[in-house]
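As given, the protein sequences belong to chains G and S, one line each in that order.
Sequential numbering of the first sequence, starting at 1, is according to our numbering.
Sequential numbering of the second sequence, starting at 1001, is according to our numbering.
Everything labelled a hint here was simulated from the structure, so no lab data went into it.
Beta carbons are placed, not taken as given, at the ideal position from N, Cα and C, and that holds for glycine.
There could be a bad hint or two in this list.
[As the list claims (entries may be wrong)] Pair ranges (Cβ atoms, derived):
1. G:Asp74 to S:Thr1077: 36 to 42 Å
2. S:Gly1095 to G:Pro81: 33 to 39 Å
3. S:Glu1017 to G:Lys11: 36 to 42 Å
4. S:Pro1113 to G:Ser66: 22 to 28 Å
5. S:Arg1080 to G:Glu3: 21 to 27 Å
6. G:Glu1 to S:Ser1098: 23 to 29 Å
7. G:Val113 to S:Leu1075: 41 to 47 Å
8. G:Ile38 to S:Thr1077: 29 to 35 Å
[Said to hold, decoys possible] Covered stretches of chain S (chain G as the covering partner; in silico rule of three or more C-beta atoms under 8 Å from a C-beta of chain G):
9. 1022 to 1034
10. 1041 to 1048
11. 1098 to 1107
[As the list claims (entries may be wrong)] If we take Cβ atoms under 7 Å as the criterion, some of the chain G residues that face chain S in the derived model are:
12. Gly28
13. Gln41
14. Gly42
15. Pro43
16. Met95
17. Ser98
18. Thr100
19. Glu101
20. Phe104
21. Gly105
22. Gln106
23. Gly107
Letter by letter, the chains look like this.
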Amino acid sequence: EAEVAQSPRYKITEKSQAVAFWCDPISGHATLYWYRQILGQGPELLVQFQDESVVDDSQLPKDRFSAERLKGVDSTLKIQPAELGDSAMYLCASMTESTTEAFFGQGTRLTVV
Amino acid sequence: SQQGEEDPQALSIQEGENATMNCSYKTSINNLQWYRQNSGRGLVHLILIRSNEREKHSGRLRVTLDTSKKSSSLLITASRAADTASYFCATVPSGAGSYQLTFGKGTKLSVIP
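Modelling step: build the complete structure from the supplied sequences, incorporating the hints.
Take a look at the structure:
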């Protein structure tokens, strides 16, 4: 069964360092999302791609976060510099427009120390 | 920002009982979806109900949608210990070509064996 792949699963970094997360969506899914989920809360959308184009990045802290999906397939989310408040689960999901059902990866648990 | 509000925030029941969770949302929708998240993992899609549907069933799950009240409920019948998880509603807004998926804050369900 096709899955959304994310790496790494866990990341510990010191504040002010750079960190990057990678996501490979299900083949053929044009829509890709990055969400941030703080413990005990729901996922909050950071950025949404349609193929290689950004559709919505209104909640992305652009002074430190960047995201790209250069060939419209896999995607990278970067934080530079990391802050203590960035500690959270970062979830990637992809969607097929025919069903609008989203498929999630296992997430990257980021701890900033 | 989060579209939905789930109620209750936490629910604890005995195995075999039914569990009901509610979701309210703010804007017009194309569909509403329910997802499940086991601790520390990604989200898994459970069921989708379109704006022109009032009720939908899938196995032990029953979802209702009241667009006039902008609310939905998820009923899990004959609960099992394995149903212990957090449950989130998510909405896709109405409007052609919009695939933004916005989540609520979730209900944490504990099923006691």
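Next on the checklist: Hint validation: Gln41 of chain G versus chain S, beta carbon distance must be below 7 Å. Holds or violated?
Outcome noted: holds, 6 Å
Item to check | Supplied contact hint for Glu101 of chain G, tested at 7 Å Cβ to chain S | outcome: Since chain S brings a Cβ to about 5 Å from Glu101 of chain G, closer than 7 Å, the hint holds.
Next on the checklist: Gly105 of chain G was flagged as interface toward chain S. Is the shortest Cβ-Cβ separation under 7 Å?
Outcome noted: Since the shortest Cβ distance to chain S is 5 Å, the answer is holds.
Next on the checklist: Can you confirm whether chain G covers the stretch 1098 to 1107 of chain S, using C-beta to C-beta distances below 8 Å and requiring at least three such residues?
Outcome noted: holds (count 8)
Checklist entry - Holds or violated: is the Cβ of Gly28 of chain G closer than 7 Å to a Cβ in chain S? => result Constraint on Gly28 of chain G not satisfied, violated at 14 Å.
Checklist entry - Does the interface hint hold: is Gly42 of chain G within less than 7 Å of chain S, judged Cβ to Cβ? => result Where the cut-off is 7 Å and the nearest Cβ of chain S is about 4 Å from Gly42 of chain G, the hint holds.
Next on the checklist: Under 7 Å is the threshold here; is the Cβ of Met95 of chain G close enough to any Cβ of chain S for the hint to stand?
Outcome noted: holds, 6 Å
Item to check | Distance restraint evaluation - Glu1 of chain G, Ser1098 of chain S, Cβ atoms, bounds 23 to 29 Å | outcome: Roughly 28 Å apart at Cβ, these two residues keep to the hinted range, so it holds.
Item to check | Hint check: 7 Å Cβ-Cβ cutoff, Gly107 of chain G to chain S | outcome: holds, 5 Å
Checklist entry - Taking 29 to 35 Å as the hint, is the beta-carbon distance of Ile38 of chain G and Thr1077 of chain S inside that range? => result At 31 Å between Cβs, range holds.
Checklist entry - Are Arg1080 of chain S and Glu3 of chain G spaced within 21 to 27 Å by their CB atoms? => result This hint holds: roughly 25 Å between Cβ atoms.
Next on the checklist: When I compare C-beta atoms, does the stretch 1041 to 1048 of chain S have three or more residues closer than 8 Å to chain G?
Outcome noted: holds (count 6)
When held up to the earlier numbered hints, the structure conflicts with 4, 12, 17 and fits the remainder.
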